[in-house]
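> Okay, here's what each chain looks like letter by letter:
Number of protein chains: 2
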Amino acid sequence: MRRTRFDRWPCPIARATDLLGDGWTPIVMREAFGGCHRFEQFQQRLGVSRATLVQRLRKLVAAGMLEKIAYQEGPRRYEYRLTDKGRAFFDILAAMWRFGEDWLFRRGHAPVVLIDRDSQAEIRPVVVDEATGRRIDVRRLGVSLRSPAST
Amino acid sequence: MRRTRFDRWPCPIARATDLLGDGWTPIVMREAFGGCHRFEQFQQRLGVSRATLVQRLRKLVAAGMLEKIAYQEGPRRYEYRLTDKGRAFFDILAAMWRFGEDWLFRRGHAPVVLIDRDSQAEIRPVVVDEATGRRIDVRRLGVSLRSPAST
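Chains A and B, in that order, give the protein sequences.
In this text, residue positions in the first sequence follow the numbering used here: the first is 1, and each later residue adds one.
In this text, residue positions in the second sequence follow the numbering used here: the first is 1, and each later residue adds one.
Chain A with its partners taken away, still in its complex shape (with noise of 0.2 Å):
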């Protein structure tokens, strides 16, 4: 059965949600911002059959999430490296991090916590409004049309 497509919805939501159905997209980002960059290391930390990892690679290179990049001549090998828009996917996979260690385990048993290496303080991403750091409030929450002159 095909996938319903949503890349061309007028919702940053739908199109967003194109990118992530792949399941292997958040993880295959989760192990670039962990420090991976070479096909090998992907390979070894998710146990991903070589085909699935050159595919999903392949994909997030040209969504313009990772790209390429020859590190090595003779031969020549190469290493994936994120761009600055898979950078700012960091923020969906903190979202849901906090989401999963919240709701997708025994209360307060998810096996790994997030740290800040310096401090080894603990780390609970949470979303706020750029403007004023507060949380949104859903219920005040709407969408409104962009003014053609904001645009």
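What the hints contain is simulated information worked out from the structure, not anything from laboratory work.
Take these hints with a grain of salt, some might be off.
In this list, chains with the same sequence are indistinguishable; a pair is considered to hold if it fits within one copy or across any two.
Mimicking SDA-like on lysine to any residue, the simulated pairs with C-alpha atoms at most 25 Å apart in a straight line are [stated by the list, open to error]:
hint	residue 1	residue 2
1	85	69
2	85	126
3	85	108
4	85	37
Nothing here was measured: the structure is a model prediction, and the numbers come from that model.
Based on the hints, put chain B in the right spot on chain A.
Quick look at chain B alone, frame taken from chain A:
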């Protein structure tokens, strides 16, 4: 081809990925936050087949994201309400919105913006660390095993 399942992996991102893997999850949840409660409302707004929608709503109820509540007897009619878990999913949608707005439209050309309905101010979701209110510095981020004492 059967999708790889991530819902028993020990990583919060992997588990959230599994929930997101079905592309309709964020779309249906978006409508729930937008005030949809009844089957016909979801169907009208999404233009999706009844069969698909039945299946998606059932999945979200089974996942504890929505609850199905009778709001009328004779004939009995149901509506779908966000649970606490479903409400917590908002942060993922907010992070997806921001990423989509910034990176999945021509810069500055997303046709819609989030607003605070009271002040009409634009809302731009961003992820921070809950304790400090500061952006998370990915270069200093680490993952640590939770110490048994803290669970």
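> Now look at each hint and say whether the structure bears it out.
Now the hints, each set against the structure:
no., hint, verdict
1, 85 to 69, "within (16 Å within a copy, 41 Å between copies)"
2, 85 to 126, "both (20 Å within a copy, 15 Å between copies)"
3, 85 to 108, "between (32 Å within a copy, 15 Å between copies)"
4, 85 to 37, "within (16 Å within a copy, 35 Å between copies)"
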